[in-house]
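The listed protein sequences derive, respectively, from chains A and B.
For the first sequence, our numbering assigns the number 1 to the initial residue and increments by one for each residue that follows.
For the second sequence, our numbering assigns the number 1 to the initial residue and increments by one for each residue that follows.
Calculated directly from the structure, the hints in this document are not laboratory data.
In this text, all values refer to a predicted model and were calculated from it rather than measured experimentally.
A hint or two may mislead.
As the list claims (entries may be wrong) - Footprint (simulated), chain A over chain B, 3 or more residues, beta carbon under 8 Å:
| id | region |
| --- | --- |
| 1 | 113 to 127 |
| 2 | 135 to 144 |
Said to hold, decoys possible - Ranges between beta-carbon positions, derived for each pair:
| id | chain 1 | residue 1 | chain 2 | residue 2 | range |
| --- | --- | --- | --- | --- | --- |
| 3 | A | ASP60 | B | ASN279 | 56 to 64 Å |
| 4 | A | ALA35 | B | ARG295 | 50 to 58 Å |
| 5 | A | GLN14 | B | ASP60 | 57 to 65 Å |
| 6 | A | GLU96 | B | ALA92 | 44 to 52 Å |
| 7 | B | GLY248 | A | GLU96 | 49 to 57 Å |
| 8 | B | SER183 | A | GLY111 | 35 to 43 Å |
| 9 | A | ASN159 | B | GLU30 | 28 to 36 Å |
| 10 | B | LYS187 | A | GLY128 | 20 to 28 Å |
| 11 | B | THR131 | A | ASP60 | 50 to 58 Å |
Said to hold, decoys possible - Negatives, chain B to chain A, calculated, CB over 10 Å:
| id | residue |
| --- | --- |
| 12 | ARG5 |
| 13 | ASP22 |
| 14 | GLN72 |
| 15 | GLU96 |
| 16 | SER175 |
| 17 | GLN207 |
| 18 | ARG297 |
| 19 | LEU304 |
| 20 | PRO305 |
We put the beta carbon where it would ideally sit given N, CA and C, even for glycine.
Protein chains: 2
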Amino acid sequence: MSFDRLIQRIVKTQNPTVVGLDPKLDYIPEHLKSAAFAQYGETLEGAAAAILAYNKGIIDAIYDVVPAVKPQCAFYERFGWQGMKALAETIAYAREKGMFVITDGKRNDIGSTMQAYAVAHLGEVSVGGNTFVPFGGDALTVNGYLGTDGISPLTEICNTRDAGIFVLVKTSNPSSGELQDRSLEGKPLYAAMGEMCEQWGSSCMGQYGYSAVGAVVGATYPEQLAEMRKAMPHTFLLVPGYGAQGGGARDVVGAFDEKGLGAIVNSSRAVLTAWQKQNRPGEEYAAAARDEAVRMREDITQYLPKISL
Amino acid sequence: MSFDRLIQRIVKTQNPTVVGLDPKLDYIPEHLKSAAFAQYGETLEGAAAAILAYNKGIIDAIYDVVPAVKPQCAFYERFGWQGMKALAETIAYAREKGMFVITDGKRNDIGSTMQAYAVAHLGEVSVGGNTFVPFGGDALTVNGYLGTDGISPLTEICNTRDAGIFVLVKTSNPSSGELQDRSLEGKPLYAAMGEMCEQWGSSCMGQYGYSAVGAVVGATYPEQLAEMRKAMPHTFLLVPGYGAQGGGARDVVGAFDEKGLGAIVNSSRAVLTAWQKQNRPGEEYAAAARDEAVRMREDITQYLPKISL
């Protein structure tokens with residue numbers, strides 16, 4: 001349960017990184033767009049088909065060297081329900097290949113509404129006598145602004161369904177400090193959110209010392225990242241902000257524990273657009289993504305111990 | 001622009017309330033479920049078809065007396081992309097009938113990701129030479145934990161597309177105080193969030209004194225509601241928590257200004273399940289919803305001045 005499967009995959013691949021599947025049409029090679037538009041026209045269906053084909057190529061190229069993918073919901077919702085269909089199909093495909101899927105939705109609500117999100121993204125839903133998996137991720141990013149009422153429906157599902165959540169603690173963006181860095185009764189607000197994560201996680205501990213309640217802490221704030229690693233010893237960290245947003249390999253060292261575990265670092269744009277930087281259009285786009293993913297693994301693990309349980 | 005259209009509809013209907021379209025299968029009369037399942041089976045498509053038929057009946061019954069509907073995304077996502085299709089169709093139907101649609105998604109992210117959400121829910125997206133409306137609401141609920149980077153993509157779209165947002169300030173749930181009531185540099189966190197709303201809204205003011213940046217403040221905390229009305233004079237309030245959650249008509253009086261404007265009060269369950277309480281199954285479910293919506297209008301407006309511009 002919790003993040004144990006993710007941790008096992010990280011150890012197996014010796015790779016504490018996740019590839020963000022944040023598709024923009026500009027990122028997709030022409031041959032994939034042409035094929036999709038030829039079949040569905042320049043429509044939302046066509047865009048969704050191009051995205052799915054593109055994602056499958058990336059997943060095929062990286063699944064044996066990268067433990068996880070993180071599709072960002074917004075880039076699928078942008079193309080309507082047709083885009084959401086591509087999200088569900090992407091998640092199913094990545095899971096078929098054995099990857100751990102973190103659905104980046106930053107969902108938040110209370111009570112039965114949050115339960116509906118939990119079912120949508122981590123669970124199953126019943127219709128009459130049948131049961132369906134709506135989106136089917138392994139973990140979901142969430143926003144804790146509403147307090148325990150917004151989290152307990154998730155920890156319940158984490159305990160019954162081998163799933164996890166990542167709560168926003170200290171985000172990677174320039175304005176994250178406007179609220180998160182301000183002093184809440186003597187400590188930064190993000191630290192208070194971190195304490196709540198440790199508390200929420202106490203009811204759903206995994207076998208490797210980390211609970212099912214993880215936290216998002218950005219690579220762009222290395223001091224806070226190291227501070228939060230220490231302050232949240234049972235909280236697995238999802239670390240955005242490496243690469244395009246400015247965080248480097250040295251900046252994320254503090255996110256890890258002495259076994260090289262405890263965190264997973266995300267890269268989206270650098271992997272997705274590697275073919276453009278490497279000038280490898282056409283089918284080569286996927287190999288370019290793999291090369292960048294391997295480069296990222298080497299970059300980050302050079303400062304870490306051999307990753308072990 | 002901003003909430004001007006909503007305000008005009010509130011004045012026209014003399015009704016500062018919104019009906020939350022939060023469909024659960026238990027709320028839907030048997031004849032609608034039977035028809036949908038007969039056509040699509042007990043599947044996600046079947047559930048989505050039942051929800052859409054149910055919503056259309058409610059909208060047909062209330063559109064001339066209620067200014068707005070608020071579909072809650074979670075209850076559609078729960079049924080996968082098929083549910084999201086029903087969400088898009090519900091929004092389009094309500095807008096055809098002239099209703100103002102508040103998509104309750106509590107979305108949050110940064111930069112180009114937040115822009116993708118803004119396009120998804122309030123804007124248009126281009127695919128090749130064509131343009132599409134992905135979900136097409138008039139307003140979106142959002143979470144401001146990430147600061148200005150998460151809001152500015154929205155205020156940009158509000159200025160170009162006659163749309164609005166509602167930022168979570170003080171939510172209606174029991175645990176909302178765990179974070180929101182704590183002291184942030186001398187004042188409650190929710191008050192700091194309220195100040196940010198006023199600031200974000202200053203770039204997108206409407207003609208009636210309210211900006212395109214509204215706030216969510218729950219009916220279950222009447223003191224804070226009245227306090228925030230005064231502290232955020234340009235911020236239109238979306239008030240959940242009336243009815244099933246425990247807020248009464250006297251509790252929401254403080255949300256309104258001296259013209260009976262400045263707020264819209266939500267009710268979901270009481271309207272959606274009115275047919276069960278009134279024991280009016282079958283086609284009568286919609287008339288029961290209308291009766292409850294009218295009762296709610298009378299209940300709330302009895303303490304307000306005649307609503308005027």
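Status of each hint after checking the structure:
no.	hint	verdict
1	113 to 127	holds (count 9)
2	135 to 144	holds (count 3)
3	A:ASP60 with B:ASN279: 56 to 64 Å	holds (57 Å)
4	A:ALA35 with B:ARG295: 50 to 58 Å	holds (56 Å)
5	A:GLN14 with B:ASP60: 57 to 65 Å	holds (60 Å)
6	A:GLU96 with B:ALA92: 44 to 52 Å	violated (34 Å)
7	B:GLY248 with A:GLU96: 49 to 57 Å	holds (52 Å)
8	B:SER183 with A:GLY111: 35 to 43 Å	violated (26 Å)
9	A:ASN159 with B:GLU30: 28 to 36 Å	holds (34 Å)
10	B:LYS187 with A:GLY128: 20 to 28 Å	violated (51 Å)
11	B:THR131 with A:ASP60: 50 to 58 Å	violated (32 Å)
12	ARG5	holds (23 Å)
13	ASP22	violated (7 Å)
14	GLN72	violated (6 Å)
15	GLU96	holds (17 Å)
16	SER175	violated (4 Å)
17	GLN207	holds (29 Å)
18	ARG297	holds (24 Å)
19	LEU304	holds (27 Å)
20	PRO305	holds (32 Å)
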